[in-house]
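Top to bottom, those sequences are chains L and E. Counted from 1, the first sequence has number 8 at position 8 by this note's numbering; the numbering is strictly sequential. Residues are numbered in this note's numbering as their position in the second sequence, beginning at 1, plus a constant of 1000.
These are calculated hints, taken from the structure and not from any lab test. Please note: incorrect hints may appear among the correct ones.
Unchecked claim - Going by beta-carbon spacing under 10 Å, a handful of chain E positions derived as facing chain L:
1) L1015
2) L1017
3) L1024
4) V1061
5) Q1067
6) P1091
7) D1094
8) V1103
9) T1120
10) E1138
11) V1142
Built from N, CA and C at the ideal position, the CB exists for glycine as well.
Take a look at the letters that make up each chain.
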Amino acid sequence: MELTTTQEQGRVPVTVFHLKGELDAVFAEQLRRQGREAIASGTRYLLIDLAEVPYIASAGLRAFQEIFTLLREDSKDEGDKDVYQGLRDGTYKSPNLKLLNPTRHAVESLSAAGFDMFLEIHHNLRDAVAAF
Amino acid sequence: MTSGAGIAMRAEASLRLSADLGNLAAIRQFIREKAATFQDDDNDLEPILQAVDESVTNVVVHGYRGQPGAIEIEVRLAENSLAIRLRDQAPPFDPTAVPSPDVTSPLEKRPVGGLGVYLTRRLVDEMIYRPMPQGGNELTLVKRIVKPRGNQA
């Protein structure tokens, strides 16, 4: 398992986590830790590159959930009421956390758990960065 | 060879390890190696590997609750299926009885538990639990395969 970080500049600065390996409970803990550290260091927009992740276990999904929540708590421009209404309507996507190039089995986990309802999935880096 | 359940077996191999999340990668490696020996390479192993990850993680975190313990992993190839049998000595726990979580509620409001078992059910064709007579648990995860290779083990 390996997690490397790069920085991209779009309309806003975007931190990109490139993950490599099965996103199991051990890797998920590393992702949570590095996610918390990045957010504490000022990251507000995070893109997670899943091109080399064969699958996402439930622990990995919970790591996404924690990072999503931390980024939302930091975001001043979203009201809870609007977000929940958007979630109910199926129109809400996180402005702070997005996913890049998930593999087929990673998409299956995201979809089965309903995470694709809240997290945009992109298929090339330039479009993903521009979407923030 | 015939298993206790009456399934004609082509091959089987087992591994016993301490129940530790740090062993997840070794368990995957063991299953990959044995499955490659037993069956054609074109079968997609990722779903059953993830199902094993979820199940072993549950044993470590919720079964043994961080206490030392062992887990045995057995890889078995039958005529048209790959089965992974997990045995542990943790207190009895039937994952097949865990209710599915609500996956439509907002992310921030979702309960933490139940997601691993929910995914496991979707990843395999069968999930069979039985409490061990001498204590502990046995969980068998079964994935149908496309075309087994010959009879070599």
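Consistency of the hints with the structure:
no.: 1; hint: L1015; verdict: violated, 17 Å
no.: 2; hint: L1017; verdict: violated, 14 Å
no.: 3; hint: L1024; verdict: holds, 5 Å
no.: 4; hint: V1061; verdict: holds, 8 Å
no.: 5; hint: Q1067; verdict: violated, 17 Å
no.: 6; hint: P1091; verdict: violated, 20 Å
no.: 7; hint: D1094; verdict: violated, 18 Å
no.: 8; hint: V1103; verdict: holds, 4 Å
no.: 9; hint: T1120; verdict: holds, 9 Å
no.: 10; hint: E1138; verdict: violated, 22 Å
no.: 11; hint: V1142; verdict: violated, 18 Å
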